[in-house]
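*Asks:* Sequence:
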Amino acid sequence: MLDEDDLAPADRELIDMLREGRITAPFGADETGYSLQYVRDRLGRMVEHGNAKKVYDGLYELVEDPRRGDENET
Numbered sequence: 016m017l018d019e020d021d022l023a024p025a026d027r028e029l030i031d032m033l034r035e036g037r038i039t040a041p042f043g044a045d046e047t048g049y050s051l052q053y054v055r056d057r058l059g060r061m062v063e064h065g066n067a068k069k070v071y072d073g074l075y076e077l078v079e080d081p082r083r084g085d086e087n088e089t
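Heads up: the sequence shown is residues 16 to 89, going by this note's numbering.
The set of hints was computed from the structure by calculation and includes no laboratory data.
You may find that some hints are simply not true.
Simulated restraints, written as ranges between beta carbons of each label pair [unchecked claim]:
#1 D31 x G73: 15 to 23 Å
#2 D20 x D72: 29 to 37 Å
#3 R83 x P41: 28 to 36 Å
#4 R37 x H64: 15 to 23 Å
#5 R27 x K68: 17 to 25 Å
#6 E46 x V70: 25 to 33 Å
#7 K69 x D31: 25 to 33 Å
Glycine is no exception: its CB is placed at the ideal position from the N, C-alpha and C atoms.
Produce the entire structure from the sequences given, and follow the hints as far as they go.
*Replies:* Following this line, the structure appears as structure tokens:
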């Protein structure tokens, strides 16, 4: 698992989106302004570390939010 110190600014934005529901890389890129390839790389890294999972081709959902504190409460 990634921890809070491992997160890039893009990761934080993508995690916020994933907390609201499943996303695709193109949607994440459109919403954040990061390139599609960069968003794919960040989502892939989250999958590798077990924080997100790929539920279908190109569709991701959050498994565990690595951030600490109240923002982690659901």
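*Asks:* If you check each hint against the structure, which ones fail?
*Replies:* 6 and 7
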